[in-house]
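Protein sequences, first through last, are from chains A and B.
In terms of the working numbering, the first sequence has 333 at position 333, counting the first letter as 1, and numbering is strictly consecutive.
In terms of the working numbering, the second sequence has 407 at position 25, counting the first letter as 1, and numbering is strictly consecutive.
Hints in this document: simulated from the structure, not taken from any laboratory.
Treat each hint with caution, since some may be false.
[Unchecked claim] No farther apart than 30 Å at their CA atoms in a straight line, the calculated lysine-lysine pairs in the DSBU-like style are these:
#1 B:K462 with B:K512
#2 A:K378 with A:K75
#3 B:K386 with A:K331
#4 A:K295 with A:K72
#5 B:K512 with A:K11
#6 A:K324 with A:K75
#7 B:K512 with B:K386
#8 B:K462 with B:K486
#9 B:K386 with A:K295
#10 B:K512 with B:K404
#11 A:K11 with B:K462
#12 B:K486 with B:K386
#13 A:K324 with A:K11
#14 B:K386 with A:K11
#15 B:K404 with B:K462
From a predicted model like this one, the values you see are computed outputs, not experimental measurements.
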Amino acid sequence: MDITTLLERFKNGDRRALARAITWVENGTPEAAELVRATFPDTGRAHVIGITGPPGAGKSTLVDRVAARFRKLGKSVGIVAVDPTSPFSGGAILGDRIRMQRTLADPGVFMRSLASRGHLGGISIATGDVVSLLDAFGFDVIIVETVGAGQSEVEIMGLAHTTCVVLIPGMGDDVQAIKAGILEIGDVFGVNKADRDGADRTVMEIEMMLDLGHMGEGGINRWPADAGAGAGAGGPQPGAAAMQRLDRAGHHSAEEAAGTADSPRSASAHAAERHGTANPGDISWRPPVTKTVAKDDQGVEALVERMNEHLQFLRETGRWEQLKHRDAAAKLRELITARVVRIMMERAGSAGDLERLTNAVADRSTDPYSAVDEVLRKHLGR
Amino acid sequence: MERKLRVLVAKLGLDAHDRGAKVVARAYRDAGFEVIYTGIYQRPEQVAEAAIQEDVDVLAVSSLAGAHATLVPQLVEILKAQGVDDLLVLAGGVIPEEDIPTLKAAGVAEVFGPGADLDEIIRFTRENVKRV
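Bound-form chain A, shown alone (with noise of 0.2 Å):
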């Protein structure tokens, strides 16, 4: 298939044309680039969700739970799971379809495993360009599974608008220990398997270290009056929604958050706090946690409410052009790295220099930082 090819059946709404397209973007193709600026004009519009927690949360099963609850509420879903690579093969075993087999029947959904490929932020290089596609393919909500993550896997809060981390109870101290990683990325948190015991406390436990960590300057919230493109200060006026969860804005005790798996309507109670003054920038997100049992489908409905809460959050109040913003400094950072990179090397390889400054530095006869500062002042003139 040539890319005139597969960009008209992309555009058509063919899925092994998506699916090439993935292919090629994960490869990095010398057509990838091409298809990425074909399709970015189509993309922007999609709510990136991202589900991240140690392994054996269960996530992949919450996964197939969520999409399917978004498929209710007549969303079009995009699926992409990461494994990790073998770092010694090379190789990979991808088994995030084994838990996914409710939605997938579903021709509303479409779901792409990737490798990690010796990539260590939880998400592979390419997963923001297959984001990218899928976005541009017309799904409304695409999900990205991490590999399961330890404490600082934390790449996919650069990815998701709505990042969601999936807890299990008898993780005991574990919490303590992992509060300043993957904690802090959470926007919902999703206390699951909470038909075991120690569930009350695990939620808890996060509520406490929430509202710590709300408390203080910064810290959890991370996206201040003053962040991102100053979209937040001069952007939208909140809307009736956000200032409905203002009005019911609240203490989120833990008896209540304890409710939620029983009762979903009890969490909707709080979604975002007020600081202050009516700027919406002021307004802060204190990301809510839900206790749920993925595979008897409890208490996902309202996972899902939590997170279509924090959409309508991000798009009220302006946060979502910051993101939009982020996202774009992110990728030309990324892609100028990389280029920069790949020239000099190229430059560095061709000369000969790379050869002789590995063995000089080998052999000591000159140090890493000498050698780098030869390559930069012969190869970039500086």
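Starting from the known structure of chain A, fit chain B onto it as the hints suggest.
Frame of chain A; chain B shown alone:
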């Protein structure tokens, strides 16, 4: 850089015997392939859709419950109807000698029975992948 080859390891129909499929999946992984495993009890339509969405180079179907002569040709037909013509289809498991010509006529490139050498499966796969 060498292109990563993707293989879908599939179990069709009412066949829960997936140890062989898992061993083969693991062998592919160790040979550097990206392996999508969909689990057991799959209908031909599901496997075909998975092969399309995952855009795999290879489809390896494992059968130990005797339905291969019906389900594998069905699967290949569905793929053909969708215009998929660059997929290497392999079969493995407990497949009687007399069924092999039927499968090959349906478009299966090779059939690997019990005791098949994993290295041989990998070698055959690499040499017969249709896409460049």
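Do the hints match the structure? See the list:
Taking the CA atoms of K462 (chain B) and K512 (chain B), the gap is about 15 Å. The hint holds against a cut of 30 Å. For the given pair, K378 (chain A) sits about 55 Å from K75 (chain A) by alpha-carbon distance, which is inconsistent with the 30 Å threshold. The straight-line distance between the Cα atoms of K386 (chain B) and K331 (chain A) is roughly 24 Å, inside the 30 Å bound, and the hint therefore holds. Annotation: proposed proximity of K295 (chain A) to K72 (chain A) holds, straight-line Cα distance about 18 Å (limit 30 Å).
Taken as a hint, the K512 (chain B) and K11 (chain A) pair is honoured in the structure, with Cα atoms around 26 Å apart against an allowance of 30 Å. For a cut-off of 30 Å, the pair hint linking K324 (chain A) to K75 (chain A) stands: about 21 Å separates their Cα positions. A C-alpha spacing of about 14 Å is found between K512 (chain B) and K386 (chain B), which places the hinted pair at or below 30 Å, so the restraint holds. At most 30 Å may separate the alpha-carbon atoms for a hinted pair to count; K462 (chain B) and K486 (chain B) meet this at roughly 15 Å.
For the given pair, K386 (chain B) sits about 33 Å from K295 (chain A) by alpha-carbon distance, which is inconsistent with the 30 Å threshold. Annotation: proposed proximity of K512 (chain B) to K404 (chain B) holds, straight-line Cα distance about 24 Å (limit 30 Å). Distance restraint check for K11 (chain A) and K462 (chain B): the Cα-Cα separation of roughly 22 Å lies within the 30 Å cut-off, and the hinted pair is therefore satisfied. The straight-line distance between the Cα atoms of K486 (chain B) and K386 (chain B) is roughly 26 Å, inside the 30 Å bound, and the hint therefore holds.
Restraint check: the Cα-Cα separation between K324 (chain A) and K11 (chain A) comes to about 23 Å, which is no more than 30 Å; the hinted pair holds. Note on K386 (chain B) and K11 (chain A): the hinted pairing holds, with a Cα-Cα distance of about 26 Å set against a maximum of 30 Å. Taken as a hint, the K404 (chain B) and K462 (chain B) pair is honoured in the structure, with Cα atoms around 27 Å apart against an allowance of 30 Å.
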